[in-house]
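Novice: Okay, here's what each chain looks like letter by letter:
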Amino acid sequence: MSGLETSKPPLLEVKDLSVSFGGFAAVKNVSFTLQPGEILGIVGESGSGKSVTCRAVMRLLAATARAEGTVALDGRDLLTLSEDELCAVRGRDIGMIFQNPASHLDPLRRIGQQVAAPMIRHLGIGKREGLQRAVKLLEDVGIYEPEKRARSYPHEFSGGMKQRAMIAAAIGCQPKLLIADEPTTALDVTVQARILELLKELNRKTGLAMILISHDLGVVADICSRVVVMRNGEVVEQGPIDDVINRPRHPYTRLLIESQPGRKSYGTAGGPDRGTPLLSVENLSVTFPAGQGLLGGFGSSNSFRALDGVDLEINTGETVGIVGESGSGKSTLARSIIRLNTPSGGAIRLDGQDVGALGGEALTAFRRRVQMVFQNPYDSLNPRMTIAEAVAEPIWRHGIADRKAARKEADALLEMVELPSSLRDRKPQQLSGGQCQRVGLARALALKPQLLIADEITSALDVTTQAQILELLVRLQRERSLTLLYISHDLAVVSSLCQRVYVFKAGRVVEQGVARQVLSAPRDPYTQALVGALARLPSAGTIPLHNRS
Amino acid sequence: MADSPILVQTAPPARIITPTMLIALVILGGWLVTALAASAIAPYDPDAIDIMNMLSPPSAAHWFGTDQVGRDVFSRVLFASRVDLLLCVVGVLPPLLIGTTIGLLSGYFGGVVDNVFMRIYDLTVAFPFFVLVLAIVGVLGPGLLNFILALTLVGWVSYARLVRAQVLTIRESEYIQAAKCLGYQPATILSHHVLPNAVGPVIAYAVSDAVLVMLAGASFGFLGMGAQPPLAEWGVMIADGQAFVQQAWWICLFPGLAAISLGLGFALLGDGLGLLQRKGVTA
Amino acid sequence: MSLLQLIARRLLQLIGVLAGISLVTFLLVHMAPGDPARLMAGERASPETIAAIRSQYGLDLPLWRQFLTYLTNLVSGDIGLSLRFQRPVSQLIEQFMWPTLFLTGYVLCLAIPPTVALAILGARRPGGIADQIIRLVGIAGLTIPVFWLGIMMSRFFGVSLGWFPVSGYGTGFAGHLHHLFLPALSTAIWLVPVLTQSLRAALIEKTTADFVTAARAQGATERQIFWQTMLPNAVLPTLNLLGVMVAFMIGGAIIVETVYAVPGLGTLMVNALLGRDYYVVQGLTLIFAVSTVLITLMVDLLTAFIDPRVRL
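Protein chains in written order, with my numbering: chain S, 1 to 549; chain H, 1 to 283; chain X, 1 to 312.
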């Protein structure tokens with residue numbers, strides 16, 4: 001298959017690599033090659049062994065791990081190197097960047113020192129020269145005022161800047177290969193786009209070969225020329241990116257492609273009926289006291305505006321999406337609607353009634369009408385309760401049924417969210433993330449609400465699981481004629497699911513309208529940037545990519 | 001040295017009862033039985049004075065020897081376990097209950113109560129624990145009751161602090177937000193959702209704290225500020241024996257060993273519970 | 001933002017805590033059951049004597065006036081008068097504090113090297129045999145009553161072997177070192193396990209830290225990683241604990257000094273308590289608290305110096 005490509009000797013050749021921890025085989029007989037100057041993507045969901053594979057290449061696995069096979073860099077088997085030889089390769093010939101740049105930088109050392117350290121170690125240059133080169137590198141990776149920033153500590157950097165610094169540290173010794181392990185997963189989409197752009201540029205300018213590990217097929221398709229698809233520690237398919245995406249041979253690859261957000265339009269329940277809105281948010285502002293400081297703050301009067309004059313309407317039966325990056329205030333809005341935040345101005349009305357003024361019976365009635373599903377699968381369920389208990393609790397606490405009947409009702413609800421009854425007495429830790437989210441849905445629906453708020457409910461899940469949960473959500477919405485407020489950072493998901501969207505930025509609505517329109521013809525520059533940053537599969541071209549700057 | 005030695009990460013097997021915890025339970029059970037059945041086990045009356053047998057070394061008749069007025073050290077060590085074991089329970093429970101309640105309320109509701117509590121906390125940790133308890137007992141007058149009172153007065157703060165820290169994280173978790181959103185009453189949320197998740201580390205701490213309480217109790221007995229002679233208490237016995245330690249080391253040695261073994265029981269149990277906690281949290 | 005601002009803020013906070021401390025120590029004496037004047041005068045004093053004492057000490061004034069007087073006295077450096085010695089408490093403290101300070105420093109010198117060594121040894125192979133032994137011995141070490149250990153050691157090393165004196169403070173630096181060896185050792189034996197546990201746990205936690213993996217990926221050797229990355233990050237929690245422990249040790253010194261008859265603040269405290277010399281107890285409690293606060297402050301500043309995140 002790779003007959004044409006072997007004209008040059010490969011830079012990296014991984015052959016029959018297997019890694020096991022104790023009795024558990026995390027990676028099984030993985031083989032792939034990487035040519036100089038090439039960008040190879042490894043894509044897979046959690047537990048697929050993609051990170052373990054790359055850590056095995058760098059020999060960064062715990063000592064309990066056993067790695068077999070060969071990993072040859074320029075013909076030299078890395079798995080047989082001594083500790084000293086290995087240290088001379090790491091950071092010199094192979095650089096690596098990681099998923100969470102915040103935790104991979106030493107919090108106690110200045111950025112400049114950390115960027116300079118590998119160069120001082122490998123190139124035998126002095127401290128002063130190392131620092132000078134570090135400043136230059138920081139400039140190269142797009143950090144403003146590099147001289148000043150080199151003296152900063154990691155906690156003074158934003159997430160994107162930290163990843164840039166990690167990249168600077170990794171490329172300082174001009175390695176032959178850069179391994180990027182989910183380099184943009186912890187970052188906002190617009191930042192992600194810029195980091196990917198930086199990696200592409202590095203590849204173009206210096207011919208640096210890369211392995212990009214990602215759960216996101218869209219990201220891989222964006223910058224890689226070839227891709228390896230992994231599942232359960234095995235390679236299920238590999239080849240040039242266009243072949244794999246347009247002519248997938250393995251069913252799993254096909255499933256992965258179909259699960260990509262935005263691939264599928266869910267065609268949610270009928271058009272919005274223009275009547276009085278079910279929920280209306282009028283000129284809502286929420287402020288938080290900022291700068292709590294170390295000592296509880298000595299009269300620090302400045303405060304942080306999480307929401308700043310937001311107007312929003314949701315009609316009965318409608319699916320409304322809210323899109324924004326972290327810090328845009330979208331979660332604050334959700335929390336304000338369910339009265340977990342107190343607004344500093346404006347009002348939220350359900351059927352014309354001011355939600356903030358509710359009390360007693362009226363508040364209980366409100367609680368039954370408006371429910372919410374949360375982001376974190378494990379954190380949103382009480383770890384001490386079985387899932388059946390958790391779903392039954394609201395029913396008997398609200399006096400809708402006695403405890404026994406509530407348990408029955410809970411079983412029915414769990415069945416409705418497609419959870420086998422054998423799981424009913426499990427605790428959350430014994431379930432998968434997707435299963436926990438189903439429980440969260442069942443619990444929220446236990447009180448038969450009219451309006452369901454879903455706050456990033458799939459952001460912690462794998463794509464295939466995400467597709468299943470969205471499928472379920474749409475089905476439930478249809479069956480129970482729910483009104484849905486869907487909050488997400490992912491414009492693709494929102495536009496495939498919702499009829500109308502609101503785009504949030506820094507506590508304000510910057511754009512609103514019919515989902516298709518917003519996605520195809522964004523008016524606001526920020527929305528344009530968001531749309532442009534969508535790393536989508538080449539063939540998903542229902543909407544032409546433009547405005548890529 | 002060759003294979004990156006610091007990288008090893010072997011977690012101990014995750015059993016509910018580890019061997020060390022089993023040892024701890026055996027020790028504690030043994031002392032409990034001893035305390036309850038002291039009068040049946042002890043060969044002599046712990047307070048019976050026998051001038052003929054003063055300071056006699058350990059022998060078949062007196063396993064741990066006799067003290068300066070001829071009392072049987074073995075019997076006294078057994079009877080003293082009643083005082084010291086009780087001390088552990090009575091010294092831990094009131095601070096535990098008071099501290100947990102205050103920590104729960106102050107962490108969950110925040111606001112003025114929390115501010116006042118934090119100031120009290122700042123103030124209490126400004127004093128060395130032992131000095132403050134000693135000063136309070138000194139002013140109130142020596143005795144076991146005043147010791148417990150002082151211990152409670154100072155000790156609740158660390159429990160409250162621990163619970164509060166727990167509650168602060170739990171309060172922000174999504175299952176508490178969900179509970180609020182489902183319209184549960186604050187009392188329900190506190191008792192059914194916050195407390196069960198906050199209490200684990202507190203129990204582990206309380207068990208370890210029992211060691212400190214016992215050591216403090218014995219120290220106070222030794223200084224003459226806690227249990228008062230002729231009551232058999234390990235600290236008091238050691239204090240009594242100090243003057244005679246050159247001729248009769250056994251008067252001091254055995255009560256000390258008894259205290260260590262009881263302390264070991266609590267410490268191992270607390271260590272095991274803490275380990276379980278940390279695993280439970282990360283699992 | 002800067003270290004200076006942090007110091008300024010901490011000093012401001014210090015004033016509040018100091019005011020609180022003085023209130024507590026003030027209330028301490030007034031909490032005592034019974035009439036303080038009668039206690040001072042003794043059981044058989046005449047009513048006139050008691051009345052005289054009352055007005056001499058201002059005990060007939062309302063409580064807040066008395067507190068104000070107490071505060072004013074504190075500010076001018078007067079922390080009370082010993083009833084027994086008829087001398088200012090500050091003089092007594094000055095006289096008795098040197099052995100205690102010497103002992104504290106001595107304990108630290110004895111405790112810190114083995115702590116670091118044992119923690120590193122344990123953390124090198126978590127769960128290994130050395131680690132298990134260190135952990136169990138550490139737990140056992142915590143349960144030893146210090147006063148008992150003191151008595152036993154003085155009996156063995158002092159009396160049986162005759163290597164070390166069993167009481168007193170000695171003269172000259174070498175004399176102090178010799179005399180205080182057993183007291184310092186018995187305290188260190190209790191302190192080492194506590195600190196070792198903390199440092200060991202922190203080290204093990206840092207072995208799996210992401211930035212350690214990153215350093216390894218950049219080609220740092222294990223030695224460099226340990227000394228330049230892991231240890232500085234792991235030392236912070238232990239540093240805080242050390243601050244708490246030094247404060248704890250001042251309390252612990254009370255017992256050790258009593259056992260070894262060291263003429264230090266602890267001995268002074270116990271004698272004052274037994275002799276109901278309340279103003280000495282009050283003054284000593286105040287001094288202990290103030291030194292604790294100052295130690296905590298120093299540790300906080302040291303932490304801020306090492307960890308830039310604290311300076312926020």
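Treat the hints as calculated values from the structure; they're not laboratory data. Worth double-checking, as some hints may not be accurate.
Said to hold, decoys possible - Calculated cross-link-like contacts (lysine-lysine; reagent style DSS-like; alpha-carbon spacing at most 25 angstroms):
id, chain 1, residue 1, chain 2, residue 2
1, S, Lys148, H, Lys180
2, S, Lys200, S, Lys176
3, H, Lys180, S, Lys200
As the list claims (entries may be wrong) - Stretch by stretch, here's where chain X covers chain S in the computed footprint (C-beta under 8 angstroms, at least three residues):
id, region
4, 81-92
5, 117-124
6, 210-221
Every value quoted in this text rests on a predicted model; they were computed, and no experiment measured them. Every residue, glycine too, gets a C-beta built ideally from N, C-alpha and C.
Novice: Evaluate each hint against the coordinates.
Specialist: The hints, checked one at a time:
Taken as a hint, the S/Lys148 and H/Lys180 pair is broken in the structure, with Cα atoms around 46 angstroms apart against an allowance of 25 angstroms. Of the supplied pair hints, the one linking S/Lys200 and S/Lys176 holds, its CA atoms being roughly 15 angstroms apart against a limit of 25 angstroms. Between H/Lys180 and S/Lys200 the CA atoms are separated by roughly 47 angstroms; this puts the pair beyond 25 angstroms, and the hint is violated. Counting residues of the region 81-92 of chain S whose C-beta sits closer than 8 angstroms to any C-beta of chain X gives 8, which meets the bar of three, so the coverage hint holds.
Interface restraint, the region 117-124 of chain S with chain X: holds (4 residues with C-beta to C-beta distance below 8 angstroms; minimum three). Residues of the region 210-221 of chain S lying with their CB closer than 8 angstroms to a CB of chain X number 0, which falls below the three-residue condition for coverage.
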